[in-house]
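The listed protein sequences derive, respectively, from chains A and B.
Here the first sequence stands for residues 1 to 528, numbered as in the working numbering.
Here the second sequence stands for residues 1001 to 1764, numbered as in the working numbering.
Everything labelled a hint here was simulated from the structure, so no lab data went into it.
The beta carbon of each residue, even a glycine, is placed where N, CA and C say it ideally should be.
A few of these clues could be false.
Stated by the list, open to error - With a straight-line Cα cutoff of 20 Å, these simulated EDC-like cross-link-like pairs (lysine to aspartate or glutamate) come out:
no. : chain 1 : residue 1 : chain 2 : residue 2
1   : A       : Lys62     : B       : Glu1203
2   : B       : Lys1685   : A       : Asp309
3   : B       : Lys1672   : A       : Asp309
4   : A       : Lys371    : B       : Glu1203
5   : B       : Lys1049   : A       : Asp467
6   : A       : Lys371    : B       : Glu1117
Claimed, not checked - Short, incomplete list of chain B residues facing chain A, as computed with Cβ under 10 Å:
no. : residue
7   : Ser1064
8   : Leu1065
9   : Phe1471
10  : Val1619
11  : Asp1692
So the chains spell out like this:
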Amino acid sequence: METITDNNWLLTVLVFAPLVGALIMVLIPQQDEQSHKQVALLTSLVTLGLAAFLLIDFNYGKAGVLQYFADAEWIEVIGAGYTIGVDGMSLPLIALTALIMPLVFVYSWNHIPEPGNAKAFLILSLILETGMIGTFVAQDLVLFFVFFEVVLLPMFFMIAVWGGENRRYASLKFFLFTLFGSALMLLSFLALYFLTEADTFSMLVLTENAGEGIARGTQLLVFAGMFLGFGVKVPMFPFHTWLPDAHTEAPTQGSVILAAVLLKLGTYGFIRIAIPMLPEAAEAWAPWIGLLAVIGIIYGALGCLAQTDMKRLIAFSSVAHMGFVMLGIATLTDFGINAAIFGMVAHGLITGMLFFIAGSVKERYHTLEIKRLGGMLAQAPRLGWILGFVSMASLGLPGLAGFWGEFPAILAAYEPAVGLSEKTFHVYMVVAAIGTVLAAGYLLWLLQRTAMGEPPAEFADDPNITDVSTTEWIAWAPLLFGIVLFGVAPGLIFEVTDPAVGQSLNNCITLTGCEVAEAAASSGSGGG
Amino acid sequence: MSFLFGFAEPSSVPTSSTVAHSANWFLEYAWLVPLLPALSFVGILFFGKRMRYRGAELGIAAVSLSFLLAVCAGFAWIQHRDNFVLPDAASGAPATPGESYVAVQNSTQWLQSGGVEFGAGVLVDGLSVMMLLVVTIVSLLVHVYSTDYVGDDKRYTHFFAFLSLFTAAMLFFVLSDNILQMIVGWELVGVCSFVLIGHWWEEKPNSDAALKAFLTNRVGDVGLIIGTITLFFAAGGGHTFDTIKINEAIVQGEVGHTALVVASLCLMAAVMSKSGQFILHTWLPDAMAGPTPVSALIHAATMVVAGVFMIARLYPVFFEGMQIGGSSINLMATIGAVTLVFGGLLAFVQDDIKKVLAYSTVSQLGYMVMALGVGAWTAAVFHLFTHAFFKANLFLGSGSVAHAVHSFDMKKDMGGMRKFMPKTYITFIIGSLALAGLFPLAGFWSKDEILVGTGGWGLFGGTGGNGAYTFHLLMGVFGAALTAAYMTRCVYLTFHGEFRGGHAHGGHAHGGHAHGGHEHGGHAHGGHAHGDPHESGPRILVPLYILSGLAVVAGFANLPAGFQLVGDSWTERFGHYVEPYKSSYFPAIDHATPSWSLAVVASVVALAGAGAAIYYYFVKVDRLADQTQQSLTELPDGLSKSNALAGAGHRVLVNKYYLDHLYEGVIVAFTKGPLARAAYWVNQKVIDRTVDKAGETAVLVGRHVYDVVDQSVIDGFVDGSGRVSDATGEELRQINSGKVQNYAAILFAMAAVLAGTFLIIFAL
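The following block holds chain A by itself, in its conformation from the complex (with noise of 0.2 Å):
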């Protein structure tokens, strides 16, 4: 398959620079805080810069072949490679990514959670930044597993350490309930590794390979690890119950990381991985992917319906959310996946702003819940518009980036890829329609009673509820312009996607059709 290896430094740079900043700090004394926030915020800058130039240099032309792609030994004898490259998929993601950190940086200038300690809280941070932009360019899949697991611990320790009240339960929870997903995933890595003959973890080989020479009985349960693995990070319904509990607990800045990036390392697992190297196997999964995933549709709806607490409602809303990107994703088709990408990326700029703005109220009120709190739009009116502009975003009005997220998705479910059921994905489109409605009742309903109305008597003359502050306007102006951005040029993210997803399906499926994919299930059951 063409690679393009011009400028092959820059990933390793990008990937690597967090980390270098990371390391620095360590060499700064615990107490001078103001010189750690500083150097966490550079570095994120200086990876945002990076990114930039990425997105700059980047050839659109040739958006479905990997870019900057570099392939070096690492470690020989189980023939994992440190490949890297980029294209239209993970680009957007990335770039997410490299957002999303410097806003958490500028955030924490005066948000350190309890109980402090800026130095160790930044680091982590960095960290997680180098594991989840890794995840985004490995292009291999020992390398993927690494930075896939890079991510665990320092989300786990800002939960265990930062955290609510009930930090340990959460915390624990969600580091067993991952590493259950990984190991599987592992044992999916190892077996593909040995049932195909190339013995490679090379992500590029084993695409191309999709699947070839492995039984189809087989390659449903390797599937199957893999769908485990990349379910529960997503999450799907039923794996989901660890999101809740983490979410709340969390402190704003690991609710934000976690919902803005760290879901959609499990949705780019499906795309990457899962789908283009066992397209059979997809194929006879589709139908409970897409199930589970309008499951969680309106599962999560209800979810938020039956909440009291304002981030415990937000973080159900990702599950709702994160079932449209799954339905898409579920149809097999370049559309769809192109859908459930968009979806990704605007799920991350309106969800990480829910919980920033949950995180300023917190602040404010000192509570969540929802039915202490009111009248916002009275006390700090730009608070509430913007949370009314975002709850708009997040239950899919056309004109702002969440609506190409579902409205796509939804379409892709009228014509799944050939082989896949139309009756039983139309009654999934059916139904994901109605959990926009859903959508619209519990944001609307959170925002009555958050936001309209006279002001509560304990709060009515607090003199902390203050308007934005100026750090909260800056970290926040490029995720509300990224909103109103991508809702009015979906077009910017669409055409970077589009020849990506269409060359990573190309030997399987398409909008109008899957001969491949067709002809490898005659043949496998003729053969079988």
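On the provided structure of chain A, position chain B as indicated by the hints.
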């Protein structure tokens, strides 16, 4: 980016045989009309508070310019319609100027996904140009009116910003050349409506009304989404949202019937919610919680007709899907007919003047939908056109009265207003007469056309049309009587009898009229709180004059064909320029023949309705009031009190057919309450419990394994974890030192299980 900057580019869309790409400047650049108010929204939002007139001047300037552009586009369209000849007339297309109806389309690529291109652009034809005119003129007048009406509001700037955004969104919607873009406009107007209904969000009834409007529309949007998607795949060879392509494909019979039935039914749900059709109309009367100018602009004249517009725009879908031609009943016509009668009945029992007008709007929207349902396309669109003027007139008139008495309650705070507000009174009377369909005012012509269009009038040869919709004709005639009667009641209660207001304000309970207290939020009460109400100022009256003038003359735009009093060149001008008859994207509908006899009969029925109400109010109630020296609003021994059946009927109406009880008390309460709680219970007690149990079991297993496995392995782990936690401070160590063994044990246990599974797989 192409969306942002590419509009002006000549189209790259493959030329359809009926779409012109080069036309008059005003038609080519019609996208400027929505762009100006959109810019004004941004301008007011960011700089409005610093402007001299707090942003209103920017909004008015932008909408005025838009209006001028729309007028120019109107003239340009007339010229285009009369003179344009298809360039490739050789292929049998009619060569006579004015024969062919050719729309102007100007589009560019918006996005591309999965190899499918999605365009964005403008579609200019008679329908969209007409809508541009209606929206910009009503919006402009409402802007001017608002500078006085909400002049003291503390969120004045914000109000104007959203008026601008609404205007932009509505104009964007009517110019859309594809359904995807229509969805965007459709939802954006919904949001503006939400924001403006909830303008006084301090009070719960207002925010409830805003939520109700948005959520009811979302329910309809499920239909919109699915219907649109069905069309996307079914029409035009698949994979297009382009309105003209979809319509053409249907007209040429290339689309399967099942798909059209599904699409038209789904889209009908969207129409029912947006255009207030029975049974999804319940949000519209509640929407009156918004400021009155908003009610006039959004909830009467423009946004609520979006559903009607969509049917008109995608008419082939409905014409084929609902099987309108050659039938005597179909779902759309029946929904419209039921709505027009049921809405009209509800208007009778309202005490709030705005609610009377709101139910009247529901009823009139029912006329439009019924007209479309019976194939009377032009009649429906023409009624949309005339209704916009007289209904905006009535709403703004009711606002003028409320501005004087600080209330919308006709029974408590009005009565005898004609003495205080003679100018408002005259305009209100004109609007009422136009609405009631009195010859020769606007409503007469458009309502008459609808009745003719049902094709149900066999008497005296006035038949034709697309079928024999006799039932719908009867409902329409009955509705005319209702309209005349409830407007008589409304006029009496508001303007006649003795003034019942003027008592000290704020002392009595307002019930559901929480908005009443706000409309005059910042007014100095001392001046006229206890004294007489007085006439409104010029910024309120001038819009009323203009609108009532339009309510008189608008009907002449489409005099019926063969109307003996004027020459042929004066008849059916509206239909000629607006209806895309004989264009490739419009179904072959039949036009009914106008009938004098029907016009006379319908007028007599309407007069009878008015007469009955006049007899009741102006004669009986008035006489009793004189005798008792009281200001009365109803007879104490009226029918609803003396007759049990009538009383029951009255109760049903007062409770709005119990639909709100069903929706809010049953459906919404069940979803929010038991259903959501049950789902969450499953989450916590079933799924999560399983997870916790699994975790506990794993820990137990782990402990056991820990006891028997080699200590050194675990020590290594502990040390490793300890080193990491060094970096993260004291607390971390405290938390984890006790737990690390457990994690390690679990890890180990998992590894063992995995290794086992692994072996099994490879053994296979």
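Each hint, compared with the structure:
no.: 1; hint: Lys62(A) <-> Glu1203(B); result: 56 Å, violated
no.: 2; hint: Lys1685(B) <-> Asp309(A); result: 18 Å, holds
no.: 3; hint: Lys1672(B) <-> Asp309(A); result: 15 Å, holds
no.: 4; hint: Lys371(A) <-> Glu1203(B); result: 16 Å, holds
no.: 5; hint: Lys1049(B) <-> Asp467(A); result: 17 Å, holds
no.: 6; hint: Lys371(A) <-> Glu1117(B); result: 47 Å, violated
no.: 7; hint: Ser1064; result: 25 Å, violated
no.: 8; hint: Leu1065; result: 22 Å, violated
no.: 9; hint: Phe1471; result: 32 Å, violated
no.: 10; hint: Val1619; result: 47 Å, violated
no.: 11; hint: Asp1692; result: 8 Å, holds
In the structure shown, a violation is registered for the earlier hints numbered 1, 6, 7, 8, 9, 10, in ascending order.
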